Amino acid sequence: AQSVTQLDSQVPVFEEAPVELRCNYSSSVSVYLFWYVQYPNQGLQLLLKYLSGSTLVKGINGFEAEFNKSQTSFHLRKPSVHISDTAEYFCAVTTSNYGGSQGNLIFGKGTKLSVKP
Amino acid sequence: DSGVTQTPKHLITATGQRVTLRCSPRSGDLSVYWYQQSLDQGLQFLIQYYNGEERAKGNILERFSAQQFPDLHSELNLSSLELGDSALYFCASRPGQDNSPLHFGNGTRLTVT
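Those protein sequence lines, which keep their order, are chains A and B.
Taking the numbering used here, the leading residue of the first sequence gets 1, the next gets one more, and so forth.
Taking the numbering used here, the leading residue of the second sequence gets 1, the next gets one more, and so forth.
Keep in mind that the hints were calculated from the coordinates and are not lab data.
Where hints are given, some of them may not hold.
[Unchecked claim] Using C-beta positions, here's what the derived DEER-type ranges look like: (1) B:I12 - A:S70: 24 to 34 angstroms; (2) A:S70 - B:Q67: 24 to 34 angstroms; (3) A:S3 - B:L83: 35 to 45 angstroms; (4) B:F69 - A:Q42: 23 to 33 angstroms; (5) A:P18 - B:K9: 19 to 29 angstroms; (6) A:D8 - B:K9: 26 to 36 angstroms; (7) A:N61 - B:G28: 23 to 33 angstroms; (8) A:G62 - B:E82: 36 to 46 angstroms; (9) B:T20 - A:S30: 34 to 44 angstroms; (10) B:G84 - A:S3: 18 to 28 angstroms; (11) B:A14 - A:P79: 48 to 58 angstroms; (12) B:G96 - A:P18: 16 to 26 angstroms; (13) B:E62 - A:Q42: 29 to 39 angstroms.
[Stated by the list, open to error] The following residues of chain B were derived to be distant from chain A, with all beta-carbon distances above 12 angstroms: (14) T15; (15) E62; (16) F69.
Since the structure is predicted, the reported quantities are computational estimates derived from the model, not experimental observations.
For each residue, glycine too, the CB sits at the ideal point set by N, CA and C.
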């Protein structure tokens, strides 16, 4: 079975500072990885995804993430955050095992990013 | 706007009651997923439908059931409600059963009193 661990439940950071939100996964098969963002009172919005190819993926709003297979990690980074980035961020994994999970996303428990002026 | 519509936005009901949550997927999407988001459990996958057929079950209670209709909209039925069922329920859709990203609705917030 797959699982996702987001090591930090809350990350406070000052505006224009860099940020890294950590995500580790466990799976015995190949995985596809996603980061979603949830603004207050809204649904989840896709930030970026890793399906194959380059391990460094770029997403919306200046975010990027790097897939590291040996460390089973998919950390999210942004070089300079804005107040508007304040939200909850979820890392998610699914597998290529169509016979089983049918592509269901397994989510981490989320990291609340709080950007202060 | 993700294109996924969920109604109602808020629902307040009493213990023991039954409610139905509705989801209209993005135009053309055949797969619908239901998730429950609570403070203690986080985002939990409940159930998936593809073109009217149930395809996968997650942590869904026996008191809960769902279906997908020929027009592809889906309903999640929650019965014999308990206080612990209070949560945000999300519907998500994607075109098929591949690993393309899921598109989420804004959720239905259920409060059981």
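B:F69: least C-beta distance to chain A exceeds 12 angstroms?
The claim stands: B:F69 keeps its Cβ more than 12 angstroms from every Cβ of chain A (closest is about 19 angstroms).
Cβ separation of B:F69 and A:Q42, checked against the hinted range 23 to 33 angstroms
Holds, at about 26 angstroms.
Please verify that the nearest CB of chain A lies beyond 12 angstroms from B:T15's CB.
The assertion about B:T15 holds, with a minimum of 25 angstroms to chain A.
Mind verifying the non-interface call on B:E62? Its CB should be farther than 12 angstroms from each CB in chain A.
holds (19 angstroms)
Are B:G84 and A:S3 spaced within 18 to 28 angstroms by their CB atoms?
Taking Cβ atoms as reference, B:G84 and A:S3 lie about 23 angstroms apart, which means the hint holds.
Between the beta carbons of B:G96 and A:P18, is the distance compatible with 16 to 26 angstroms?
violated (37 angstroms)
Hint check for A:Q42 and B:E62 - Cβ pair distance inside 29 to 39 angstroms
holds (31 angstroms)
Quick check on a hinted range of 19 to 29 angstroms for A:P18 and B:K9, using CB atoms only.
Because 36 angstroms falls outside the window, the suggested range is violated.
B:T20 and A:S30, beta-carbon distance inside 34 to 44 angstroms?
The hint (34 to 44 angstroms, Cβ to Cβ) holds, given that B:T20 and A:S30 are roughly 38 angstroms apart.
Between the beta carbons of A:N61 and B:G28, is the distance compatible with 23 to 33 angstroms?
Roughly 26 angstroms apart at Cβ, these two residues keep to the hinted range, so it holds.
Taking 48 to 58 angstroms as the hint, is the beta-carbon distance of B:A14 and A:P79 inside that range?
holds (50 angstroms)
For the range 35 to 45 angstroms, tell me whether the beta carbons of A:S3 and B:L83 fit it or not.
violated (28 angstroms)
Going through the hint list in order, the structure does not satisfy hints 1, 2, 3, 5, 12.
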